[in-house]
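Colleague: All chains should be modelled from the sequences, with the hints used to inform the complete structure.
For the protein sequence lines, the chains are A and B, in the order given. Mapping of the first sequence onto the working numbering: position 299 corresponds to residue 299, and the numbering continues sequentially without gaps. Mapping of the second sequence onto the working numbering: position 350 corresponds to residue 1350, and the numbering continues sequentially without gaps.
Since the hints were made in silico from the structure, they are not lab data. Careful: at least some of the hints might be erroneous.
Unchecked claim - Result set (BS3-like, lysine-lysine): computed pairs, CA atoms no more than 27 angstroms apart in a straight line:
#, chain 1, residue 1, chain 2, residue 2
1, A, K253, A, K235
2, B, K1029, A, K105
3, A, K29, B, K1235
4, A, K253, B, K1314
5, B, K1314, A, K163
6, B, K1253, A, K29
To be verified - To spell it out: a stretch of chain A is covered by chain B in this simulated footprint if at least three of its residues, at any positions, have a beta carbon under 8 angstroms from a beta carbon of chain B; those stretches are:
#, segment
7, 55 to 66
8, 73 to 87
9, 122 to 136
10, 229 to 243
11, 306 to 317
If you're wondering where the values come from, they're calculated on a predicted model, not measured in any experiment. Idealized CB from N, CA, C, for every residue including glycine.
There are 2 protein chains.
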Amino acid sequence: MVKVAVLGYGTVGSGIVEVIKTNQDMVNKKAGDEIDVKYILDLRDFPGDPYENLVVHDVEVILNDPEVQVIAEAMGGVEPAYTFTKRALSSGKSVCTSNKELVAKHGPELLQIARDNKCNYMFEASVGGGIPIIRPLNASLTPERVDGITGILNGTTNYILTKMEREGSDFDVVLKEAQEKGYAERNPEADVEGYDACRKIAILSSLVYGKNVNFENIYTEGITKITTTDFTYAKKAGWAIKLLAMSKEVDGKYFAMVTPCMINASNPLYNVNDVFNGILVHGNTLGNTMYYGAGAGKLPTASAVVSDIIDCVKHLGKTVFCFWDSEDLQLSSMDDSVKRFFVRVADADFAKAQEVFGDVEVIDAGVAGEKGFFTKAMSEKEFNEKSAQIGNVLSRIRVEE
Amino acid sequence: MVKVAVLGYGTVGSGIVEVIKTNQDMVNKKAGDEIDVKYILDLRDFPGDPYENLVVHDVEVILNDPEVQVIAEAMGGVEPAYTFTKRALSSGKSVCTSNKELVAKHGPELLQIARDNKCNYMFEASVGGGIPIIRPLNASLTPERVDGITGILNGTTNYILTKMEREGSDFDVVLKEAQEKGYAERNPEADVEGYDACRKIAILSSLVYGKNVNFENIYTEGITKITTTDFTYAKKAGWAIKLLAMSKEVDGKYFAMVTPCMINASNPLYNVNDVFNGILVHGNTLGNTMYYGAGAGKLPTASAVVSDIIDCVKHLGKTVFCFWDSEDLQLSSMDDSVKRFFVRVADADFAKAQEVFGDVEVIDAGVAGEKGFFTKAMSEKEFNEKSAQIGNVLSRIRVEE
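Modeller: Here it is as structure tokens:
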């Protein structure tokens, strides 16, 4: 029997206990051993909860119990999760987590501590919720030189954009609805400004390139400036607007960004709607593969953590390979990123726009007083210089082919 | 250094060598050891091929060489692949394969021989080509009670159906085109009659239910009866027609079938077009996840085989868990399978059809002389009894919700 402790008894933490208890026979079979939750750490008490007797308030009880071999950290945030995780790994206890902030900030250090202590630090649930993506990258796409990864990695913003598209409602209206339904936080900044997706693409990029991608260096733009008028054009042109988190290797240069993009129906992410997530991975011999599912939610996220617990139990005393060096990957300047752009300008500025951008593909969506068009591909630097020559750009959205 | 042999130097076999050589640094890094192709078995010679010096014609050279630890079998068909695989595994050499016929027919026996000899039998490439699906099922969805798996598992038929939908061309015309382009075999029976998809869903079902699903017991219906008129209705109703291979657990009963189905845009498989494959997996706590990519092709399939080679090298002397007992899973009769149906009848038979089926949802696609409609959900038995009361059913396609 392997004893497990769960840190944090909120949504994900209680989900972890629920998944283990609901599917105990399957969990034990796959782990090749009986998995038993011995402790739940939380500041609160949970009178009436079926596992209230497992709740402890002092992490020392868990860290000092040699019987505990695997810890599921579901506290979120950097501290005290960082300190607890370091201490657990240092004493040879494996740690599984859904904590993207901590993984993005201290992943390579924690992985090294795990290696040094013959245990594991696993974080399948930190990206894409219940979608298996970390393990496929680490254990399935092993022969591939992955040169591109593009994800819809935030369910809240995908829900908002889907609603805006379907209902023609404004961002503010849909955000309020999403908050009422519990799909968006009362402080929605981390989602709508792209910070959440930024941490997730930093984690994925670090894994596929093998070096550390510092999330603070990733260009990040949220969805707050997307309007219903943008969707009017997108629908007319048959495109979707999605918040994409992506990184690419182009001729030996690495680019990473989070930004709203127009994508068309030939992109497998086109149909990833509502709160769902999708992750498109391009390998040099494999081509595209895509992974789709619930990007958040209590049980899907918990299921991913439990899959890590099982993997840790199967590999007690042995560290599973995970290539993420502490050395920073040099990201290229956004100035050099090349894309097409969708642009809207007032009628009065269109002649100048044509002069500056040359051949453009105009989309006639019947919006009075303005014109919308696709430019040809150019660098961000070139685009910014050209835009500056036009009086006022009403909107510009990058195009992901 | 780990020595590898490749059996069969056709499309997949030569792809395996190409993937290893192209990405040698990545392959070695992920395997934690240098991987070197020592032999290629083929009846033919390959003068001028960069690896012609590795070609041998006698399998005994490979089987009797203690240095060879992993064998990639890319011969296809049951014999002599079956005999060679058994002998290799019996002497402790791991075998990786893309051979769905062999895996579907002798999977549990070969897995047992591998276990008995502390080596591995792996077959990631046997289903979904380059899409990681076997390893996610075995190593990622571990806590899940998977109760449904639905796949577009055959690229040839998906290509044909996509072309029929987009171009309004007849099956025969599109098949001929596909044959000319090399997307369909000269003898297309295995693809268009669903036999290929049948073996693949047998493999997936065996893995998720843990018992052997005999492919010979799976109800299998191909796409040869699908017409352009069916697509006229489907497009009008906003549905797609796909050849689905699926298995489900419903109230403790297991159903498995391969059949053309109508699916609507809310199904993640709706947008899986052309030669691509998609596999939708439903778990009891995770909900839906979907896996998408190239279901066939030289390099994608080879990449999946190489991912298995790497996994075998990482686990030399140790058998990786794979739950597929030799005991047969009892499949329920198709009679008891419950679905809605899309039905077309001549105008003259429509009154009788309404009388027999009760409330139906008519689709007005403007086709002269007939009516098309969706029935409510009913068992196959009930549907067949009711259909028999109508003069002549022009077409019936199952509906997958």
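Colleague: If a hint holds in the structure, say so; if it does not, say that too.
Modeller: Hints, verified against the model:
{"no.": "1", "hint": "K253/A x K235/A", "result": "violated (33 angstroms)"}
{"no.": "2", "hint": "K1029/B x K105/A", "result": "holds (25 angstroms)"}
{"no.": "3", "hint": "K29/A x K1235/B", "result": "violated (45 angstroms)"}
{"no.": "4", "hint": "K253/A x K1314/B", "result": "violated (31 angstroms)"}
{"no.": "5", "hint": "K1314/B x K163/A", "result": "violated (46 angstroms)"}
{"no.": "6", "hint": "K1253/B x K29/A", "result": "holds (22 angstroms)"}
{"no.": "7", "hint": "55 to 66", "result": "violated (count 0)"}
{"no.": "8", "hint": "73 to 87", "result": "violated (count 0)"}
{"no.": "9", "hint": "122 to 136", "result": "holds (count 6)"}
{"no.": "10", "hint": "229 to 243", "result": "violated (count 0)"}
{"no.": "11", "hint": "306 to 317", "result": "holds (count 5)"}
The structure fails to meet hints 1, 3, 4, 5, 7, 8, 10 from the earlier list, while all remaining hints are met.
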